[in-house]
Amino acid sequence: MKKTTVTKFLRKFFPYILVIAAFFICQSMIAAGTMPRTTKSLLIPVCVYIVMAVSLNLTVGISGELSLGHAGFMSIGAFTGIVIAAYARQALGVPETVQLLFAIIAGGIMAGIMGVLIGIPVLRLQGDYLAIVTLAFGEIIRNVLNCIYISLDGKVLHFSFNRPDLPGKLLFRGPTGATGVSRIATFTAGFLLVLFTLFVVINLIHSRSGRAIMAIRDNKIAAEACGLDVTKYRMMAFVTSAALAGMGGALFGLNYSTLVPANFSFNASILILVYVVLGGIGNITGSIIAATVLYVLPEELRAFADYRMLVYAVVLIAVMLITNNQSIKNFLETLRERSREKSEKKGGEAA
Amino acid sequence: MTMFLSNLISGISLGSVYAIIALGYTMVYGIAKMLNFAHGDVIMVGAYICFCCLYNLGLPPVVGVLASMAVCTLLGILIERLAYKPLRQATSLAVLITAIGMSYFLQNLAQMIWGANPKSFQTVIPAGNLTLMGGELKISYVSMVTIAASVVVMVALSLFVGRSKMGRAMRCVSEDKGAAQLMGVNVDLTISVTFAIGSALAAIAGVLMCSAYPTLKPTTGAMPGIKAFTAAVFGGIGSIPGAMLGGILLGVIEILGRAYVSSELGDAFVFAVLILVLLIKPTGLLGKKIHEKV
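Respectively, the protein sequence lines represent chains A and B.
Mapping of the first sequence onto our numbering: position 290 corresponds to residue 290, and the numbering continues sequentially without gaps.
Mapping of the second sequence onto our numbering: position 90 corresponds to residue 90, and the numbering continues sequentially without gaps.
Don't take each hint at face value.
[Unchecked claim] Straight-line C-alpha distance at most 27 angstroms; calculated DSS-like pairs for lysine-lysine: (1) Lys85(B) <-> Lys165(B); (2) Lys329(A) <-> Lys85(B); (3) Lys329(A) <-> Lys177(B).
Since the hints were derived computationally from the structure, they do not count as laboratory data.
Just chain A, same shape as in the assembly (with noise of 0.2 angstroms):
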């Protein structure tokens, strides 16, 4: 059965097509006036959010080692757009779209590096013990961002080391992480990141690269005996997720007037998986929608705030049983044999 150009077309760009409208849809509501404020202070945290859950299904999806560390690099990224947005509006004295832009590229670069310097010692492991090594790095990088102080004089940045007597003025000190930043971010910024995380995702899975990312995922040894280089590539999969983190990152940072490290704790990282987990790991579809429906819909109905991490939680498991149930799988085979058989009597034109 041959699967016909259109359906191709609109696998690869359906992402792209659905943020799109959802963009303009949202841009359309705020001119006419009908959006409420609640809804509108959620537009710039849902991008953020959706950048992150679509980073961290390259890692658990495309790639297939689960990461418990993703909001230490979002961390990193948040912390360093604040910094990078300060120095370049005071120093540089450059108008607040172009710091926003030095703040996200900033934040990507430094959780990138963050990224190559983690994934050299954590992609020597697997499963369980990869998952919990992210886990204890994104401890870590929190525990060391509680010491660290930086801060801004005249055009020098300072740096130190549980010491907050610096000269100038404070912008980030330790556990109570930064205050007093100003709002920068915006929803079009956070709509084009949006894009860009799938356009830099997408084309990844589709290429050559992306490719041997899946093959190493499927089966390490089959992967390496066909001479692929497999800590190249898991390599490639975890820095990009981590650089894009970064920037979502630096988005969310840059979104909010305070800031403290243990905003971004473990039940952070938590947070993004089920996103990723329920909405299909591998799909980037799903990721968009999990995270969207998962970040607005808790934030809407508040008066259930109380139940839910519980709901998250069930929800988390049933998922978990039901997609690894062997009769609701073999259900499910049945169907989709069946209307591929239909569809071949149709000579393929229904696919």
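Starting from the known structure of chain A, fit chain B onto it as the hints suggest.
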């Protein structure tokens, strides 16, 4: 010198708690080949049950400890039957995510039942110190009981696994599940017993930990759980003496690191140790080398 000794003793005492938790991790990992992420939260449930028995019902401490062991044993079996047993054939990623879900579930359930505010735990062990070296070195009774309890648990568990029929079945299942089944070992029962023992130990650990550090909240178990897993990996996962050694070493490293290097970076030290161990000796201090088969 006395300062160092007193730090060392509190390190060993904290390490003994980690060791008891790590025993649960290591047994479950050895036999079911899964990382039971919810193990840390069973500790928290155990501590809450004991708290309720002492504070709300006014029962004597011994009854509280026994009750919390009983509840945790049931909880462990229940978790295994409901969440993990259907996933025996699934990928390790699926099982790990389910275990994380279970951990979240327990934390949030505890928050609904007992509230998010920390409760101050009434110690089950009489407060006070043993004074040595002319009053310079003080060892609290809590530390002494913790260390003694962990030694007793360790010896009892070694005897159970080494000598009893069920222990032999456990070793068989951990070696080869399929072959064990063919030899007439009831694999499901063996796994359930493993979870039961691990959870009962978690209850003891919860009570001991909250006696030493008396704040009890729904997330109390999470961090010690992760550290105990670190200890189990440190000592060589699947090995019972390894869990004991790893736990005690980790406790000592954490306390000495906090005391002599930086008080904020205590947790970072523990995790740095984990990473170093996995890189230098991936099977841990006392672990067996596993060959990869194609």
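Right, here's what the structure says about each hint:
1. Lys85(B) <-> Lys165(B): Holds, at roughly 23 angstroms.
2. Lys329(A) <-> Lys85(B): holds (17 angstroms)
3. Lys329(A) <-> Lys177(B): holds (24 angstroms)
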